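Colleague: Read top to bottom, the protein sequences are chains B and A. Each position in the first sequence, counted from 1, maps to that position plus 215 in our numbering. Each position in the second sequence, counted from 1, maps to that position plus 1172 in our numbering.
Since the hints were made in silico from the structure, they are not lab data. None of these values were measured; they are calculated from a predicted model.
In silico EDC-like links for lysine to aspartate or glutamate, alpha-carbon gap of 16 Å or less:
1. K399(B) - D1181(A)
2. K399(B) - D1184(A)
3. K358(B) - E383(B)
Listed next, with one range per pair, are the computed distances between beta-carbon atoms:
4. R231(B) - A1203(A): 20 to 26 Å
5. E1227(A) - A406(B): 46 to 52 Å
6. E1227(A) - R231(B): 36 to 42 Å
Here are some, though not all, of the chain A residues that point toward chain B, as calculated from beta-carbon distances under 7 Å:
7. Q1190
8. H1195
9. P1202
10. L1205
11. I1213
Cβ coordinates follow ideal geometry from the N, Cα and C atoms, glycine included.
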Amino acid sequence: MSADARASDRTARAARLASCLERARGGDRSALHEVVRELNPLLWHVARTQGLPGEESADVVQTTWLELLRRLHDIRSPEALTAWLVTTTRRESWRVRERLRHRANDGDHALETLADPDPGADERLLADERHRILRRHFARLPKRCRTLLRIVALIDRPDYAVVAEALEMPRGSIGPTRGRCLAKLREMLLADAAWSAT
Amino acid sequence: MTDPDAPLDEIDLAILDQVRSLHSVLDPPPAGLDERIAFAIALETVDLEVARLQEDLLVGSGARGTERIRTMTFDAESLTIMIAIAELPDGLLRLDGWLAPAAAMRVELRVAADTGPARVAFADESGRFVFHGVGHGLAQLLVRRGSGGSTASIVTPSLML
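Next up, chain A with everything else stripped away, as it sits in the complex:
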């Protein structure tokens, strides 16, 4: 090949197609990634601040030996969302959350398995909120800001509960 900027010929294009196909076999995106994203972006509002996952930890087997607690921390520019997820004996989950800086705000939990509207909880003055009886599956948290200042809601990526 003499001119590196020459347009690609048929052999080049065939090789590139093979390179594409090879990597789709060797290192494919995880199964379900498209669906996770489709769920996450199915929001009515686009006035959003994205809270990025900073930490996802499984905390031992719990003090009572039966409860495993998973803690997750999400950081947005203006807000940190922490949640602790405990699986209860009935197989459902309790989700305890904290907002920092603490503020009384409306928190919504979208669960893929739910057909109705998002569940709603209200964080108290210390920023605490709780959801009971949550099923497993894809979920997403949305924190609605009160009046005044920015109107953007804070949204987490979809998470697999």
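Chain B on its own, in the form it takes in the complex:
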């Protein structure tokens, strides 16, 4: 995809989200379902990068949308919507994580299922050669970088406020950290002949 196509793709997505939000605020539930489809992956990955197992992550994402119902009339822009959803997902995740930790202290082993949010999925499962190469280099990044890039990649515009909320990082450090992490990954990829060849 060319840079222009990619940029217009992102712009189109942002415009669609804005229009869906407007209709959803007016009570159109099918528009709200479209908002769910658009933003669910982001919320899912926020919950996962908070260290929650899959089932709990799905619960947290669902709770977040239910909580949104009574707040919807206060939320006017897609940026505000994304920020609110991400913040709520992170808080809900934190709450569930504390509960699991509590149960673990009581002798329950729920916490043992707290997986590294970067799943150790079998590389052979990745049919796409480019994915396999990327995964190899991505795994060599520090955890902070992996988490940051995973979330940043899901946000159409560099919305630092949203990312900072998602990751509990100071707002001012998002830009520089993203720059460093991306530069590191880019350097590894460009040095890999296999990547350049694909």
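Dock chain A against the given chain B, drawing on the hints supplied.
Modeller: Just chain A now, with coordinates in the frame of chain B:
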């Protein structure tokens, strides 16, 4: 790269697109999550208090050996909802519930497979209620508060029965 705040160039954006695509393959949201959420938020009222799932347990194979009981507990700020779900020999479910603190309230059970309105039960003074003959599938409980005080209904997430 010299300036970390410099706008992303084409290669950066291509890499980020690949990172996005990689994680959508490695760790995708569970199948059906969008549908579960669409069902859960298809409510007429938005004056809601959300009851969060606290515990979901399968209790042995039941005293009579044939009945498996699943218990679920949901906590909202003002109310705890407990349910025990038993599968009967006919394949349908009986759902016994308790509200704490105990109160006589109207309880609605929305079942995705039902085409009509939600089923209704009334909790008695001790907070007990029951639904008979419930089919499997996505469901959601809604507890309507009586008059006085807060008007918000208490709603659970959608659950797979």
